[in-house]
Amino acid sequence: MTSAVSFQKVSRHFGSVRAVDAVDLDIAQGEFFAMLGPSGSGKTTCLRLIAGFEQPTSGSISIFGERAEGVPPYRRNVNTVFQDYALFPHLNVLDNVAYGLMVKGVGKAERHKAAEEALSLVRLPGYGARRPGQLSGGQRQRVALARALVNQPKVLLLDEPLGALDLKLRENMQEELKSLQKALGITFVFVTHDQGEALSMADRVAVFNDGRIMQIGTPEDIYQRPRTRFVADFVGSSNVLPPDFVQRYSGQHRWGSLRPESIRVSRAASGEGVAARLVSTNYLGATTRLALDADGLKLHAVVPAGTALPAEGEAVMLTFNREHLHLMDEPA
Amino acid sequence: MRSDRGQSAPLGLKIAAASGLLFLHLPILLIFVYAFTTEEKSFVWPPPGLTTQWFAVTWNRPDVWEALSLSVRVAAISTAIALVLGTLCAAAVSRTKFFGRETISLLVILPIALPGIITGIALRSAFSLADIPFSFWTIVLGHATFCVVVVYNNAVARFRRTSGSMIEASMDLGADGFQTFRHVVLPNIATALLAGGMLAFALSFDEVIVTTFTAGQQQTVPIWMLEELIRPRQRPVTNVVAMVVVLVTLLPILFAYYLTRDGDQIAGSGK
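Top line first, the protein sequences correspond to chains A and B. Just so you know, we're using the numbering used here here: the first sequence kicks off at 1 and counts up by one. Just so you know, we're using the numbering used here here: the second sequence kicks off at 1 and counts up by one.
One chain only, chain A, in its complex shape (with noise of 0.2 Å):
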């Protein structure tokens, strides 16, 4: 099967910044794919590069199997939600979603049609009368949503899609989109800098540093098993060990990550273990975080709430399970 979309060594270059550098990429088809990264890591102009309003410096794109460079954004079968969701403001919700339709020569009872359709799809049935400035931030992302839907995209972009919206509305939307997505069937490529939107909808995370994919698997294989420190850092905070600390443990002179919910802390002050000192405790609700001081390596554990806690300050010994321990390709 050919990917949905592929990129080969695509670089793109602004003067003398490399935004993205030398990314190879394959987006199966049907595929939940997420990009991760901080921002200004490339994730935005890799999306961008698909949509069509960047083209690469070097390297090659192609969509579906065939290749996009040169092609303008309004010959791609690729629709984008875009972070400010960008509705026409001069129109009505029903004309915004018909607007592809509108601009393909559709007649205006049959892209009407189509239109109501993709609002009942995303739940907002009976808005089209409205202007987008009279809805709220979440009903205008549903807009942007079956703006970009109606046109049947072979690739749906998303930027960012959930980043104006509140906590609860986010968690709402995150299953929503998911549930479209499998429903559809179509490949959805997702930006996003938040960690846990990428891990809990992505079938396949890409993990962006100063434009280059640092790693790309399964959430699980992001989270469990982080092949370099910036993903074990970046993706779910995890303790980075450096290697004399590793070798003690693994036998093998390596960096190492270690889940801050690996770690146990108990109140003994000898016997087995990581001595170390507890530096801050961090209440979370579920859980609370704790900030440790192992002579001078900075750790992180998280206990779950309600567990009795030394008082800050106190000296503390670390356990963990060996098997947590996971040891990362990058070079020591």
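Keep in mind the hints are simulated off the structure, nothing from the lab. Treat each hint with caution, since some may be false.
[Stated by the list, open to error] Cβ pair distances, simulated, as ranges: (1) G137(A) with A91(B): 52 to 60 Å; (2) P72(A) with T249(B): 55 to 63 Å; (3) K97(B) with Q29(A): 34 to 42 Å.
[Claimed, not checked] Stretch by stretch, here's where chain B covers chain A in the computed footprint (C-beta under 8 Å, at least three residues): (4) 68-74; (5) 99-108; (6) 181-189.
Ideal Cβ positions, reconstructed from N, Cα and C, are used throughout, including at glycine.
Go by the hints and put chain B onto chain A.
Here is chain B on its own, set in the frame of chain A:
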């Protein structure tokens, strides 16, 4: 302006406001009154008698019609040129970053900041240097220099408030450049262009200085009025024309004001 109900402004403030308004508008009212005077050689106060005969006299004077027609044509064509050039320039300056962008922005605005006499002399010497005879088109060119500024200023402000991703969204949804301009850009800047165009029209209509330097034998309405004031015959005709011009230009300006007043709801409310 609305003060708290039941509380009225102090008397002193009322008098000050009233005198301010009178100072601004009494002279205009005087012009209106003189349009009805029976004295035709000079303006005497109070008018010795009232008559409406000057309206008929004005209607039958061909030189009035010639001047009016020239002014309307010059204003219309300068405004049309300004609309095209001003919009293009505003789009370039607000959409993209390029070397010398700020300089271009300043250079476009300069003609309205320069005294009209400088623009006039500059144009006149440029025209004679290039051996261009003074004609209808030299007046149009002269007027277009400052009409562009008005349109540009209006358009650039609107472009700044219009979300850039709207254009990308339109392209993304399958619209090419022309369709995007027609269905997205134009509806969003239309009221700004209308307001800018009306102001440009009004500016061109009452322009004197640049016109005197760029016109040949033709007379626009303001030039005709200046000439008329020197001639001691049928003076109230000037007042009749002035009155008509005031009434005719007031309406578009009020309309332009109304359009730009709620412009905030038209563009840039995407977020």
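Status of the hints after comparison with the structure:
{"no.": "1", "hint": "G137(A) with A91(B): 52 to 60 Å", "result": "violated (29 Å)"}
{"no.": "2", "hint": "P72(A) with T249(B): 55 to 63 Å", "result": "violated (45 Å)"}
{"no.": "3", "hint": "K97(B) with Q29(A): 34 to 42 Å", "result": "holds (38 Å)"}
{"no.": "4", "hint": "68-74", "result": "holds (count 3)"}
{"no.": "5", "hint": "99-108", "result": "holds (count 5)"}
{"no.": "6", "hint": "181-189", "result": "violated (count 0)"}
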